[in-house]
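Trainee: Those sequence lines, one after another, are chains A and B.
Just so you know, my numbering puts 293 at position 293 of the first sequence, and the rest follows in order with no gaps.
Just so you know, my numbering puts 1183 at position 183 of the second sequence, and the rest follows in order with no gaps.
Hints were generated in silico from the structure; no laboratory data involved.
Be aware that one or more of the hints could be misleading.
[As the list claims (entries may be wrong)] Calculated pairs, DSS-like style, for lysine-lysine (alpha carbon to alpha carbon, straight line, at most 30 Å):
#, chain 1, residue 1, chain 2, residue 2
1, B, K1235, A, K394
2, B, K1032, A, K403
3, A, K170, A, K125
4, B, K1028, A, K395
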Amino acid sequence: MATEKVQVVVVGGGATGTGILRDLAMRGISALLVEQGDLAHGTSSRFHGLLHSGGRYAVKDQEAAKECLEENMILRRIASDCVEPTGGLFAALPEDDPAYAEKWVKACAESGIKTEELNIKELLKKYPVLSPRITKAYSTPDAAVDGFRLLWSNVNSARRYGAKMVTYHKLSAVYRANGAITGVELTNTLNGEITSVECQMVINAAGAWAGEVAAMAGLEIHMIKDKGTLLAFNHRLTNQVVNRLRPPGDADIFVPHGTITLLGTTSIAVEDPNSTKPSEIEVENMLNIGRETMPNIDNYRIIRAFAGVRPLYQANKGAGGRAVTRNFALIDHEQKDGLKGLVSIVGGKFTTYRLMAEKTVDLAAKKLGNNTPCRTAEEPLTQPVTSEMLERGKKVFGVPGYKKAAERLGDAYGKVVEKAEQDPSMRRMFCECELVSASEIDYVAKDGDSKTLSDIRRKTRMGMGTCQGIFCSYRTLGALGNNPQFTVGHREFITEFLQNRWRGIRPVLWGQQLRETQLSTGIFCSLFGMERMNDE
Amino acid sequence: MTQKHDKHLILDNCIKCSICVANCPVVKVTDKYAGPKQNGPDLERFRLDEPRAVHPSIEYCSNCKTCDVVCPSGVNVSAMNCKAKGEYVALHGAPIRDQVLGRVELICKAAQIAPALVNWAANVKPFRAIGEATFGVAADMPFPRFASRTFLQQYKPKKINNPKGKVLYYPGCYVNYYTPQVGLALAEVFAHNGIEMVVDSFNCCGLPTVSNGLTEVAKGYARNNVAKLNSYIEKGYKIITTCPSCNLTLRQEYHELFDMDTVRINNETYDAFEYLLMLHEAGKLDTRLKALPQRFGYHQPCHLRSVGFGIPSLEILRLIPQLEVHNLEAGCCGLSGSYGFKKEKYPISQEIGQNVVQAIQEAGVTQNITECGMCQLQINHLSGLPIHHPIQLLAEAYGLPSYLPK
Ligand SMILES: Cc1cc2nc3c(=O)[nH]c(=O)nc-3n(C[C@H](O)[C@H](O)[C@H](O)COP(=O)(O)OP(=O)(O)OC[C@H]3O[C@@H](n4cnc5c(N)ncnc54)[C@H](O)[C@@H]3O)c2cc1C
Ligand code: SF4
Ligand code: SF4
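Can you build the whole structure from these sequences, using the hints too?
Mentor: And the structure:
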């Protein structure tokens, strides 16, 4: 049982936790981030991917709107690889209250959100998928953000500053003595091994699990766990985020994201933060609302549905769902509960993760006697890939394969291109739907943090496209044989991978996706005979 | 055929089954090409955001359109590929060679100054060696021979009283410049059956141009051709082709590639044999045919298969007593227009064509027929055997001038 020693243990590898890790590291505070699954196991990869302009909150909460806008602008600057500056639009239909639109325009102006009224005719020409019933439309500075990539960029940057991070390690106990935190116990979730870490402080950034973590220290935090389901369409329906111009509700946002479009969301209170199973009824309800903005929505192929759980903080029990504040709360348990060394950061939005981290680390640093100022808003997360390297990548991976790989790999891009240049067989696209080359998969498999096929999937997007992993899964596994973690257990890897994919496909099993799944069943159950293999 | 499809919906139809990949003749013989699925529907998803999305291997697509035919989901793979090729060329520029090979019309017009001289020079070994080294034009692939006079120069319309139908014949570059005998034989057959046939000067259909990624040039041709064809259709003419690639391009490709409205052209354009078959079904075709006791191998051009009206020539030729036509059913011949003339593609093209060679040997035939001029060239090159257009056999069976070598 190895014992490590750091100043701060951060619990939770989501946007908030990774943001905190980087901020701590940049201020010279030694820190370890622990995550029970892969990075972004929680809500930060199960969200809408909208980098809010603030427009959605402008009418109800100008403070939140301003925060969003400011962070939106910061992230475009420091994380340009992770943000797609698509721009957004807010569109009203005849049934939407025109008075709201007026209020909205005014509130946006007051919050500093630039809006511009759009010519409906031109808009419909540009996006014939939109309803001809639209009465008013405005542009906003919304954007799309890639959660997974942003989290890894945070971690990679933090590691360069000396921070540590372990995935597949769950915080299983908190040690305290004399009213102060002294360390934590970690359980390896892959093999059950237990280790402990000495520390002066624990920062609880466990999102929807924050209550569970607090409970390990014998304390209580009231979280509302609010499940939201999203639908992933097979292609970009528009090239801009589309919001409904009315008070925020279900299924009123379409976000174009790389190759796909996400429609969401629903809002259902759940007990368990692991409740991420999308249901058919949610899908149906969302399509009913989405159809108002995009009348032909049923003709467009949906590749999967997935759900995440919003960690909403509730200072006083009672209110639920969308009425609860989206703002975050920083809880100093020393002040609140008399336990020194525990800080919880709860609630918030992905868009404002950096600000949440800044406020949290301000408090933590003060307690640790460190007064280095925060620099996370100024320093870019990654170094941009050189244009020479991009050109070289273009020759081996094509357009836009090279660009997608550069965005995903960041600093490691050069190595992946070089390998493909030297060995043409490494240029082959293992995942043809999302353009992931053999070279990229090989690199990621060897990076030290990839334990399962799903880990590789999240880092590369392999298996996240149209075919949902039918072909790339076995192709990849076959080529990973020279990596010790992938030499045995092929059946388990494939099963875990496919079951995860099918979980998302089941609620949208019709049309072309049904045909695709039939094909997949044929390949895996009949051709590979997986159905006949027994579980010995 | 409906022409009002949403191209994004078509991209959603692909279920990644890879049947197109398994059937692509190019993929079968080389691993240099990433295949129809990757360049077509896979990258099409990315084109919604990045119109120039293209795999570096796109130039290996020969535009044979086998992928379209085999796809069980109705995906127009090759049109996606052609557009991608256009984007690739717009991005990287086309080699001079492709710019020349793609403009068949220009080459042909230029050659008219002295066809005999061009024919001589085109097949002089040292010249070809220089051509290969400098421009990358495969030295071993013989160029087709220019006719001394074009079809349009030779054809004299015949006055027909009370015609059973009137047609405009679109000969295409190949017949006009290289094999005018095909057009002349057609004229005989039509006149014999009481069909009035007129001609006019048109642009190249643009298919070779598209295949070389010169999309904008092709679009210009398309506009001119569509306008002129429509003017004839308005006057009650049916449009007739003998070249399957021209047929496919006029009827489907202008719409697929350039979003032009060609519903009317599609409805009013016929392959010569398709038209003759219609006459026959209406009881208007003269079926008094003399016996031709001979055996021929028949090769179906890929583009004929792609237009999708079956093989009407075989049905008509069946009316000829004692004629035995053996359908080779060997798939793509490999030349695909200018493709096989390119140095780096010549070996691929020759290898694809081996199927046809084998089928000819197995069938034990010593002469062949096929509708497409380029297929004729390739099969003759591969097998050394004579090859003709089926219309020439029909003319022969009517006892008309068939322009077959005696
Ligand atoms: C459907 C939906 C759509 C959304 N859309 C948007 C949007 O478009 N824009 C936006 O800005 N926000 C959006 N949000 C909100 C946003 O996603 C979340 O606020 C944000 O991702 C939360 O990040 P986090 O780091 O706090 O939590 P998480 O990402 O959940 O991270 C917490 C992590 O802690 C880990 N953990 C928990 N317990 C332990 C333990 N004991 N030991 C180790 N690790 C542990 C979990 O595995 C998890 O990975 C959306 C939320 C949902 C549900
Ligand atoms: S284009 Fe057609 S044949 Fe090719 S993979 Fe898609 S569905 Fe299959
Ligand atoms: S057109 Fe022919 S060569 Fe091109 S991808 Fe399709 S099948 Fe292959």
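Trainee: Which numbered hints does this structure break?
Mentor: Going through the list in order, the structure violates hints 1 and 3 and respects the others.
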